[in-house]
Amino acid sequence: MSEIDWSKMSMTTMWRDWIVKSEQQWSENMSRLLKDEKTGPVLSKQIDEARMMHKMFGEMAQMSLSAANLPSRTDFEALDERMGRIEDGMSAVQAGLAQLRVALVSARAVGPAIGGAGTAGAKGAAPARTRKPAGKASAAQSTAKTRA
Amino acid sequence: MTAPRTAARAAPKPDAMKAAASAALRPAAAESGANLRNPMQRALERMGIDAADFADITGALGVTAKETIYAQGTLKLHHYQPLADSVYRVPVLIVTSLVNQPYILDLAPGQSMVEFLLRQGFDVFMIEWGRPRREHKDLVLEDYVLDRIPACIERVQQVSGEKDVSIIGYCVGGLLSAIYAALHPGGPLKNLVCMAAPVNGDGLESLKAWMGRDFDEEALLAQYGNVPGDWVQNALRALRPFGKLAGAMSLLNNMDKEDAVRSNLRMGKWETDNLPFPGGVFRQMVNGFLRRNQLVKGTWVIGGKRVKLGDIKVPFLHLLAADDHITPYASSKDLVQLVGSRDKQELIVKGGHVGLVAGRGAELRMWPALDEWLAQRST
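Respectively, the protein sequence lines represent chains A and B.
FYI, the numbering for the first sequence is 8 to 155, going by the working numbering.
FYI, the numbering for the second sequence is 420 to 798, going by the working numbering.
These aren't lab readings, by the way, just hints derived from the structure by calculation.
Any given hint could turn out to be false.
[What the hints assert, rightly or not] The calculated DSBU-like cross-link candidates involving lysine-lysine, where the alpha carbons are at most 30 angstroms apart (straight line), are:
1) B:Lys688 - A:Lys28
2) A:Lys42 - B:Lys769
3) A:Lys45 - B:Lys769
4) A:Lys139 - B:Lys716
Pulled out of the complex, with its shape left as it was, chain A reads as follows (with noise of 0.2 angstroms):
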């Protein structure tokens, strides 16, 4: 357990802390409130709304910003799906060269380094694939509960 440093505590410090260990516990309940059979239902009618309500100030904003001449939301959104194409263009791109660039430097050697002809590693040395775990078992399993 980590020491406390009295010079730094403060009212706000205390209030701050306790606001965190208690927040699991507060979480907790109001999360069992969440999910009870009453509730949820509820819930999932308020969801219902809040997405007829997004849509109908989707609307009345476009109005607004379109009459203003401003750009809204779905222009944005159909400009993000735009760039979001260009993007998936430029990996398909990437992944090609990638690509083209292993098989040049298989014509060229009489084999790869590795196992395999190496993307990332064929820039450098490949690391060869003759590694064997280290054996021992680690801390690790004493802080672990295990069950085979």
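Fit chain B to the known structure of chain A by using the hints.
Quick look at chain B alone, frame taken from chain A:
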């Protein structure tokens, strides 16, 4: 002798950090923000960190050197640059969650499970599912476990030159990995490690209560296509309603500890960066997994085949967190009992869902346990 622990933390460099943070200051904030600084920013200044935004001091996340070797739609398969002079024969493929960014497994140098595995001598690959767009609303579990994961495994085999592959799956990624393993009993899988993988829908009591018969998932999907990331985040937050408050209080009480501040802010950044849940998968999860609990009953049909976890025969390890509020023990405990492997084990380590894979607890307990188990089975 225990394998050497290598994830050493870089020595703090306050001057360099201050300089970097100052460089990142936005001009507007620098000019007008002097008397608008909030208490947190003033506390950061007292620490010598002159940052306009918390994001400035977390630094870049997920920066371990890697190369994208395969891409399909939003999916990217990364191969990490080996960090050891020799590697284990069997490569490791990490299958990440569909709703969380994968960089939680590679948060920052010295705070990265990926970096740890690389230093221990594993050849590491990772599937990043990416951010689904409206055009991906019809993706279903079949697309992931019968098409994308097999395609990535094939690519790992090509690159490594090895027939065998080990899989480490985290959270929903663990669920996907288990379904893949069950549907490919004769496949190239050598070892399966799941980390906080839910298999019993009845154990996810809160989600089950909220997504019962009164929940209209079809209306949600008709409106958005996929479940938006902020909806996913709100649902996860509601599982621990006061968690955010406690996190903030803890941060304030640790403002004099630079490492703790950085770590907390990195985790905070990740927690608010959820991915949308692909519509088709969400529909299957709500109906098949949560409402009918079909996986543990052995009645879940994926791609015309019944998923029988008993068909998993490869060495199996399930790593669980004792205080996991996202994947509670009731939802994950059945996995080790249901898999048909002779060599199977469950390890419960201290901490929560995120602390299982990142943070000081993971560094001390989970990573070494994972290394020890996997190393013996990777030659």
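Does the structure keep A:Lys42 and B:Lys769 at a Cα separation of 30 angstroms or less?
The given pair, whose Cα atoms are some 25 angstroms apart, holds under the 30 angstroms limit.
Within 30 angstroms, alpha carbon to alpha carbon, are A:Lys45 and B:Lys769?
Judged against 30 angstroms, a Cα distance of about 33 angstroms means the pair is violated.
Compare the distance between the alpha carbons of B:Lys688 and A:Lys28 with 30 angstroms, and conclude whether the hinted pair is satisfied.
Given pair B:Lys688, A:Lys28 holds - Cα atoms ~23 angstroms apart, limit 30 angstroms.
Can you confirm whether the C-alpha distance between A:Lys139 and B:Lys716 stays at or below 30 angstroms?
violated (40 angstroms)
Consistency note: the structure conflicts with the earlier hints numbered 3 and 4.
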